[in-house]
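Protein chains: 2
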Amino acid sequence: MKKIRIGIAGYGNLGKGVELALAQNEDMQLVGVFTRRDPASLRLLTPGAKAFAIDDAAAMQDAIDVMILCGGSATDLPAQGPAFARLFNTIDSFDTHAKIPEYFASIDEAAREGGHLSVISVGWDPGLFSLNRLYAGCVLPQGRDYTFWGSGVSQGHSDAIRRIEGVLDARQYTVPVDSAVEAARSGSNPELTTRQKHTRVCYVALKEGADAAKVEREIVTMPNYFADYDTTVHFISKEELQRDHSGLPHGGFVIRTGVTGQGGCHTQRIEYSLKLDSNPEFTASVLVAYARAAFKLARENQTGARTVLDIPPAYLSPLDGAQLRKSLL
Amino acid sequence: MKKIRIGIAGYGNLGKGVELALAQNEDMQLVGVFTRRDPASLRLLTPGAKAFAIDDAAAMQDAIDVMILCGGSATDLPAQGPAFARLFNTIDSFDTHAKIPEYFASIDEAAREGGHLSVISVGWDPGLFSLNRLYAGCVLPQGRDYTFWGSGVSQGHSDAIRRIEGVLDARQYTVPVDSAVEAARSGSNPELTTRQKHTRVCYVALKEGADAAKVEREIVTMPNYFADYDTTVHFISKEELQRDHSGLPHGGFVIRTGVTGQGGCHTQRIEYSLKLDSNPEFTASVLVAYARAAFKLARENQTGARTVLDIPPAYLSPLDGAQLRKSLL
Chain A
3 MKKIRIGIAG YGNLGKGVEL ALAQNEDMQL VGVFTRRDPA SLRLLTPGAK
53 AFAIDDAAAM QDAIDVMILC GGSATDLPAQ GPAFARLFNT IDSFDTHAKI
103 PEYFASIDEA AREGGHLSVI SVGWDPGLFS LNRLYAGCVL PQGRDYTFWG
153 SGVSQGHSDA IRRIEGVLDA RQYTVPVDSA VEAARSGSNP ELTTRQKHTR
203 VCYVALKEGA DAAKVEREIV TMPNYFADYD TTVHFISKEE LQRDHSGLPH
253 GGFVIRTGVT GQGGCHTQRI EYSLKLDSNP EFTASVLVAY ARAAFKLARE
303 NQTGARTVLD IPPAYLSPLD GAQLRKSLL
Chain B
3 MKKIRIGIAG YGNLGKGVEL ALAQNEDMQL VGVFTRRDPA SLRLLTPGAK
53 AFAIDDAAAM QDAIDVMILC GGSATDLPAQ GPAFARLFNT IDSFDTHAKI
103 PEYFASIDEA AREGGHLSVI SVGWDPGLFS LNRLYAGCVL PQGRDYTFWG
153 SGVSQGHSDA IRRIEGVLDA RQYTVPVDSA VEAARSGSNP ELTTRQKHTR
203 VCYVALKEGA DAAKVEREIV TMPNYFADYD TTVHFISKEE LQRDHSGLPH
253 GGFVIRTGVT GQGGCHTQRI EYSLKLDSNP EFTASVLVAY ARAAFKLARE
303 NQTGARTVLD IPPAYLSPLD GAQLRKSLL
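For the protein sequence lines, the chains are A and B, in the order given. For our numbering, add 2 to where a residue sits in the first sequence, where the first one is 1. For our numbering, add 2 to where a residue sits in the second sequence, where the first one is 1.
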């Protein structure tokens, strides 16, 4: 069987995760990694794969079936996404929820112009969690859903702490409040405020001579990031931070309860949860599954932008319909 | 907006559940219920809906967009399914896992001949559980999944007990073993036997003068149904059975753990679970969501058989793509 030829644009945690995920999928093959760094500085793990300058990607159109974009949503993807969608079938993990409609439109236009197929906002939220909100909401229209994130490391919040004067390094965990999760499961449809749903726990290593009380105050009062949450700050040594908090675990829950029957007499609950040792590697695994779907859709001459909500589930699988019906249904 | 016009074939627990579910979906309208009983004997809940003899369905082709088949998998659907698929777009909950490929082929042929679209094996297993096995398996190819059912009433097993001499009435619960669920979650990929995964708990009301010890022995040694399980039998009064065990709760778990990263260093877990007060009403709610999808697919002139694995998730929703991207992604 001819393998699906994959390119990776961007070689940070996510790009490396994609490389590792590709090795688990026999029908796929990594052709190359495209980087803004000096290609010679990259040490790829995949035999036969090469590193290229990102500006040389356009010359590789015939060699790559799907390009997986591993840049960030803040600055990389808004520019890279449409540029690549003109040249390649693409997958990305654009996750700025509020800007998805606008991003979708720009990718859709570029992909149609280029005759390509792009799946945007792939991962777990947006992504698998979105799918579960959709399925659960359609099955239980008279109901309510709750999304909880964590326990897990928020890189954005960790970065925000690192920018405070006196902070050497930091790691922030978002932690769902057990009692709020239980309330969501109960079917009582509670109104839960931001503060009631999650707490934030910070591990901070200080620079020598830094004022711990001042740093703590700056963290817990930081608007948008921490002010709306109950935040706990633990000061630990740089060595402890390195030893105990170097992973990138994450996860969360999508819980929907609804009622059915006469007068809504029966409560029904659907729950989806993830417990991830490595957030970037899991997100990468989702991207790779959707790269297969993009390849199949493009083979049918479909073009334009799609999201996970548009993709028939079977398109994610290397098995055909008959095999899936026999083994999974 | 013109409503999607729905027919229900069969008016048992599932058919009644579909009627109740339709009332929760504003874009749908129940036209009629088709029954093998005397139509005049049915008391429908829906204003304006009528009961018809099932043999009169063929005359109603122009009045119904989707027919939801609510018969059983053992004897009703193998005959009814293809017959209706020739005449209508259909949805059914065919759940004899081993016979799905054969059933799919017969529905596919009939639906294509009739120019209709049929979605088979809709519900939660097969159905939502199948979807979750598919998504989780594609995202974590190096992993293993476990499906647990319950706690919940198995009607087939309850019926099997009722056929034993001396039994007045009975209710059987399938109960997942907590330690097995925990082992599945652990990521240790345990081999779990049938006996290790579920226990069976039976509540039995005896006829006067029946031999309890003999009934219990017949239950726990019954091949296929109970012999491979640890089975507990509780003898209770007819009144207690009625009072405490008249509901049809069910549920279960699909758990997949897998590894990612170099040498599989990170464990990742995906879990989907249902906790249902009413199994037939929930199954009915899934059927109704897929009736909407069948309607949309048929409007695109698609024909033949489909399963939940083939249907783009967005087709289940009354919202359009832009609304879904904005609100759910």
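In case anyone wonders, no lab produced these hints; they're calculated from the structure. Quick caveat, the model's predicted, so the values are computed rather than measured. A few of these clues could be false.
Treat identical chains as interchangeable: a pair holds within one or across any two.
Stated by the list, open to error - Computed cross-link-like contacts, DSS-like style, restricted to lysine-lysine with a CA-CA straight-line distance of at most 27 Å:
| # | residue 1 | residue 2 |
| --- | --- | --- |
| 1 | K298 | K5 |
| 2 | K216 | K328 |
| 3 | K199 | K4 |
| 4 | K52 | K277 |
| 5 | K328 | K101 |
| 6 | K5 | K216 |
| 7 | K4 | K216 |
| 8 | K240 | K298 |
| 9 | K277 | K209 |
| 10 | K328 | K199 |
| 11 | K298 | K199 |
| 12 | K52 | K328 |
| 13 | K277 | K5 |
| 14 | K277 | K199 |
| 15 | K5 | K52 |
| 16 | K101 | K52 |
How do K328 and K199 come out at 27 Å by Cα distance, when the copy is not named: within, between, both, or neither?
For K328 and K199, only the inter-copy Cα distance (22 Å) is at most 27 Å; the intra-copy one is 41 Å.
Could you figure out if K5 and K216 sit no more than 27 Å apart (CA to CA) within one copy, between two copies, both or neither?
For K5 and K216, neither the intra-copy (56 Å) nor the inter-copy (62 Å) Cα distance is at most 27 Å.
27 Å Cα cut-off: does K277 pair with K209 within a copy, between copies, both or neither?
neither (33 Å within a copy, 50 Å between copies)
If the cutoff is 27 Å on CA atoms, where do K277 and K199 land: within, between, both or neither? Let me know, please.
both (18 Å within a copy, 22 Å between copies)
For the identical chains here, do K298 and K199 meet the 27 Å Cα criterion within one copy, between copies, both, or neither?
Neither. Shortest intra-copy (40 Å) and inter-copy (37 Å) distances fail the 27 Å Cα cut-off.
For K199 and K4, with the copy left unspecified, which applies at a CA distance of at most 27 Å: within, between, both, or neither?
neither (48 Å within a copy, 40 Å between copies)
One pair to classify: K101 and K52, alpha carbons no more than 27 Å apart. Within, between, both, or neither?
neither (33 Å within a copy, 48 Å between copies)
Have a look at K328 and K101 and pick one of within, between, both or neither, based on CA distance no larger than 27 Å.
between (40 Å within a copy, 9 Å between copies)
Should K4 paired with K216 be assigned to within, between, both, or neither, using CA atoms and 27 Å as the limit?
neither (60 Å within a copy, 63 Å between copies)
For K52 vs K328, is the C-alpha pair at or below 27 Å within one copy, between two copies, both, or neither?
neither (39 Å within a copy, 38 Å between copies)
If the cut is 27 Å between Cα atoms, do K298 and K5 qualify within a copy, between copies, both or neither?
Cα proximity of K298 and K5: one copy only (12 Å, versus 34 Å across).
Regarding K5 and K52, is the shortest C-alpha distance of 27 Å or less found within a copy, between copies, in both, or in neither?
within (17 Å within a copy, 56 Å between copies)
Hint check: violations occur at hints 2, 3, 4, 6, 7, 8, 9, 11, 12, 13, 16; the rest are consistent with the structure.
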